[in-house]
Amino acid sequence: MTTLRIRDAVKRYPNGVEAVKGVSVDVGDGELVVFVGPSGCGKSTLLRMVAGLEEVTEGEIELSGRVVNALEPADRNIAMVFQNYALYPHMTVRGNLAYGLRNRGTPKPEIAAKVEEAARMLQIAEFLDRRPSQLSGGQRQRVAMGRAIVRDPAIFLFDEPLSNLDAKLRNQMRLEIKKLQRRLGRAAIYVTHDQVEAMTLADRIVVLNGGRIEQVGTPTEVYSRPASTFVASFIGAPPMNLVDAQLDDDGLQVAGQVVAHDSAHRGPVTLGIRPERAHLVAGGAGLDIEVAVVEELGAHRLIHAHLGGHEVTVAQSADEPVPAGRMVLSFRPEDLHLFDRGTGVRI
Amino acid sequence: MKKAQFNSRWMPYALLMPQMAIIGIFFLWPAAEAIRSSFYLEDPFFGTGTFVGFENYSNVLTDPNYRRSAVFTAAFTLTVVFVSLGLGLLFAVSADRVLRGQQTYKTLLMWVYAIAPPVAGLIGVMLFDQHIGPLTDAAAAIGWNLQIGVDYWDTAVAITVVSAWKQIPYNFIFFLSALQSIPSSVKEAAAIDCRSETRRFWTVTFPLLAPMTFFLMILNTTYALFETFGTVDLMVQDQPGNSPVTLVYKVYRDGFRGNDLGGSAAQSVILMVLVLVLTIAQFRLIERRVHYS
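Protein sequences appear in the order of chains D and V.
Everything in the first sequence is counted per our numbering, starting at 59 for the first residue and increasing by one.
Everything in the second sequence is counted per our numbering, starting at 1201 for the first residue and increasing by one.
Excised from the complex, chain D in its bound form (with noise of 0.2 Å):
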């Protein structure tokens, strides 16, 4: 079954600028969809279509098999919860939880039982008659969270959650959602730019660009079969070098040098390969590159080569010899990646 179906959505606002342009992603049952893409791509614009809070121009949002695109946020059986938490200053936590019951009529009893199991599974049960003011930034994440797990929705929105947090709590809390969302077996929805968080917390990851879906796929999926130059350089950490190079009848021409290949395609393309997939080597089949820069990172290690004009990028593991001066860049031939060159479409 299929929670969400968003169908063909288009954000266009009063000036003229399309936020998202024409958007079709599916949202099955106790998914977790993470949209993923840098700032102004359009992903919060189209979390904030879902929830409501922005109109829908063009298109069809489908919740639970109904149609909301016209109804009030309040009406949709969606909960979310915003990047600055968005608590009532006024209210304590319990009254925090609370509020969105008392207001659909439910009946006391059920209200208190509800915000002390979600109280309980948070761990803020001590904090429950707190104000907001009087706690951390975790506790307020917790809350939040807390907030929409007892509206008990169809499905849950998180807009970047997690950006308001220091490193080390964003790692946990990270976690920790992912752990609620499959306890709770429901779908939700994750709004990121980090990339991390989205190969981490997905089932399957929307990569927007623009305003237009660029690629939908599991993380392991995004990760090695990139459908774009853009999407081979948005996920991964370092990101994928990118190479110009050239198809002709001898192979693949990179840099004023010949790999053998054998692909049908001719013409300008452009090279990826993932830095960790990479390796050097002091000789052999490969590409003769120059080191310039090593960086040490503990586990591992970044060396920053020159190929011709690029630079590239090869992660190894900090047991492996210092690579120093000239060496040879080898790789599978599975490990490459070529986009054409223009559209930077996968070949």
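Simulated from the structure, these hints should not be mistaken for lab results.
Warning: the hint list may mix true and false statements.
Quick list of simulated restraints, FRET-style, between CB atoms [to be verified]:
(1) D:Pro72 <-> V:Asp1329: 42 to 48 Å
(2) V:Phe1483 <-> D:Pro167: 35 to 41 Å
(3) V:Leu1478 <-> D:Glu116: 55 to 61 Å
(4) V:Ser1208 <-> D:Gln192: 42 to 48 Å
From the three backbone atoms N, C-alpha and C, an ideal C-beta is built for every residue, glycine too.
Starting from the known structure of chain D, fit chain V onto it as the hints suggest.
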């Protein structure tokens, strides 16, 4: 405590002097003089006064005119505060909801505030004028013969309306800025949590405006009590005998028109105590219920 870094030990006192002098000359000295005068039967022609003890106070408190004026002032203050806060809030909420041309709308509403108070007062008086006032004409159309400065109640209505009207743009500006400082995500969270917009306003928006409302309430009370002097003076049109006057205006009238300087001083001392009590009460009672984030 750490010692301050001054070359001369007199320097800090010298720096404090101007402020202390202003407070002393313009507040403490007149206040002390008022308290002293309130115990004397003062000679209006700069002669020496006669000590009369609490007679001025007992005269004031038993005077039916004073009581009438006090009742009017209380009703007037409550009405002005309530009406000007209510309408200021209403306009601010409306302006906040306007999507197109919001800037123009805001500027138009704020313009009124940029008009000098006496000019605004004069405009208000003209609106109620016997001969050219459109409001008088409007009242006449429904069979109400508005007679400002002649009829007690008509004058009371006019004074109240003009005083409240002058204060609305002031409250509007403060309410609007308070409304716009509520994070949009909090409003959005409320939109998801609560279907009814009215309920949302009273349960989320209004409590978040409470600190501002409290602040404005104190300012508006002070305004209605003291700063409406000019409006009252213009409205009663030199015929304060049968017209409703505020306590502050009565202090002026009895002191400078009636030449009863001692009685007038006693009135101002009572007023001083009243304002003190009122302010403390407001802080005690209401601030406890106000949430400052």
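Item to complete: Could you say whether the range 35 to 41 Å given as a hint is met by the Cβ separation of Phe1483 (chain V) and Pro167 (chain D)?
Response: Since the Cβ atoms of Phe1483 (chain V) and Pro167 (chain D) sit about 39 Å apart, the hinted range of 35 to 41 Å holds.
Fill in: 42 to 48 Å as the expected CB spacing between Gln192 (chain D) and Ser1208 (chain V), which holds or is violated
The hint (42 to 48 Å, Cβ to Cβ) holds, given that Ser1208 (chain V) and Gln192 (chain D) are roughly 47 Å apart.
Worksheet item: Taking the beta carbons of Pro72 (chain D) and Asp1329 (chain V), is their distance inside 42 to 48 Å?
Response: Hint holds: Cβ distance 46 Å, inside 42 to 48 Å.
Practice prompt. Could you see if the CB distance from Leu1478 (chain V) to Glu116 (chain D) stays within 55 to 61 Å?
Written response: At roughly 59 Å between Cβ atoms, Glu116 (chain D) and Leu1478 (chain V) fall inside 55 to 61 Å, so the hint holds.
Violated hints for the displayed structure: none, as all numbered hints are satisfied.
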